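Chains H and V supply the protein sequences, listed in that same order.
Numbering of the first sequence is given in this note's numbering, commencing with residue 1 and proceeding in unit increments.
Numbering of the second sequence is given in this note's numbering, commencing with residue 1001 and proceeding in unit increments.
Treat the hints as calculated values from the structure; they're not laboratory data.
None of the values given here were measured: they were computed from a predicted structure.
Idealized CB from N, CA, C, for every residue including glycine.
You may find that some hints are simply not true.
Below are the DMTMM-like pairs computed for lysine to aspartate or glutamate, each with C-alpha atoms no more than 20 Å apart in a straight line [said to hold, decoys possible]:
hint, chain 1, residue 1, chain 2, residue 2
1, H, LYS180, V, GLU1132
2, V, LYS1150, V, GLU1132
3, H, LYS180, V, ASP1086
4, V, LYS1172, V, ASP1065
If you anchor each label on the Cβ, the simulated ranges turn out as follows [to be verified]:
hint, chain 1, residue 1, chain 2, residue 2, range
5, V, MET1089, H, PHE92, 24 to 32 Å
6, H, ARG282, V, ILE1064, 34 to 42 Å
7, V, GLY1022, H, ASP167, 18 to 26 Å
Below are the chains, spelled out letter by letter.
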Amino acid sequence: MSSTVKTKGRIADKLLMGLVLLSTSLSIILLLGIILFVFIKGASTVSLSFLTGVTSVLKGTVGIAGNILNTVLIIVITMIIATPIGIGSAIFLNEYAKKGVFVTVIEYATETLSGIPSIIFGLFGMMFFGNTLGLGYSLLTGGLTLILMVLPLITRNTQEALKSVPDSYRNGAVGLGSGKWHMIRTILIPSAMPGIITGVILAIGRIVGESAALLFTAGSAKGLPKAFSKIFEKIFQSGGTMTIQLYLSATSEGDFDTAFGIAVVLLVLVFVINFVTKWALRRRIN
Amino acid sequence: MDNKHMADEVKMSVKNLDLYYGQKQALKNINMDIHRNAITALIGPSGCGKSTFLKTLNRMNDLIDNVRITGQVTLDGEDIFDRNMDVTMLRKRVGMVFQQPNPFPMSVYDNIAYGPRVHGIKNKAKLDEIVEESLRGAAIWDEVKDNLKKSALRLSGGQQQRICIARALATKPEVILMDEPTSALDPISTTKIEDLMEELKRQYTVVVVTHNMQQAVRVSDYTAFFLVGDMVEYGETKELFTYPKDKRTEDYITGRFG
């Protein structure tokens, strides 16, 4: 009897193993397939002039330099504001606020906020920043909208990182006479740095990949500013990021070469971001 | 007898100390004089309040919500709960070593220099001097002098604990509180720490919480026995362990409970 049970168990084991392997290979094949498909379709479009030039019907050129600049500007605007606020609120929630209803509600809210479809942030951003504050379609409107979107991401990650710092570090520092803020600055933040960096890089990744929330906040202009000194003015003007341009190229403009070219650039960027994150984390741990 | 002469003076004095966690009373009317240049051991079963009491002496309990303290604790006659008492200064004067070695995730050097830097010492030469002096004081200088830039987390548990002692010494304290400093260590490291405590009492006043009665007998000059928030008995270690006055002390030290 016992031997049949054993054989049965083995067969079930093998079957399950097979299924698991199948699902794994399926997801890997799908993933690689998509990447390969995008690269085959788009790699030939990507060239130096594609990356550094601007699309012009008159000159007959195709380039996404304007979109790259817009993406960078949106990242800068968003992160310059979202990073300190996100980290600051995480420190407050974790180290200063008394654990209770208040903190629980805020934590629940940030968690929910990070799950809200981005298009809702876009709708709000357009109405509030664009209309009510009169910023119109501009990189600033887009950036402000994205701040709302990535704040929970940074706060949550920083909070998790702070929670994982052992209390013995806190006690050790305070026991040596360190004040609370000094302890936070010299012990907690350095110890939590990997988590903080992860949050920041995830946020940047989110910005790079965002399209829905930007479509009706930041606009879609693809030109470059006329001079370097005009970059600051650009913030108050419409500007489409790479994802927006991808969408436009693939829909209204019907230019699939450009769409796939941008897709390649975005994929490479995501790879780089992931790589940098891993590298930064490993460096911190050593 | 030598010890007794040296230890006559009172360094810290505790009067009518009550401590509550919310509604629960954790320390009940503790009265005790802690003698200078002596080692005072606090013994008792888990949850008896000995660690809570220890943390009261440098106000580490301030960090816990819901703690209410009444009564008086003085350091050289100064009330440590006084509104004018600077907690930073108090913790500089009354340093602490914890149960689990807790070096910060930074170099040995930065660990030791942490306290002095908190208290405003920035001069490199001065810091170098303090670091060496403290590491020597904690009997670990020879083991780490070539690796001061190495992360303290890479050292063994026993070495880490001596780093923590050195870190406490670096602020030039007067009293050192040790909360079961050897309970996480192997026997050899324990011996090293115990020897070190003997050295330390020449310069400092040491209060140590221990689970281990043999350790109390080996290292301490005075012993206080705690039981569910009460200090049952306090006296010279030899006396308390040979002629306990209270039945509960006797039961505990003869191993009838605990």
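Evaluation of the provided hints:
no.	hint	verdict
1	H:LYS180 - V:GLU1132	27 Å, violated
2	V:LYS1150 - V:GLU1132	15 Å, holds
3	H:LYS180 - V:ASP1086	14 Å, holds
4	V:LYS1172 - V:ASP1065	29 Å, violated
5	V:MET1089 - H:PHE92: 24 to 32 Å	27 Å, holds
6	H:ARG282 - V:ILE1064: 34 to 42 Å	37 Å, holds
7	V:GLY1022 - H:ASP167: 18 to 26 Å	20 Å, holds
The earlier numbered hints that this structure contradicts are 1, 4.
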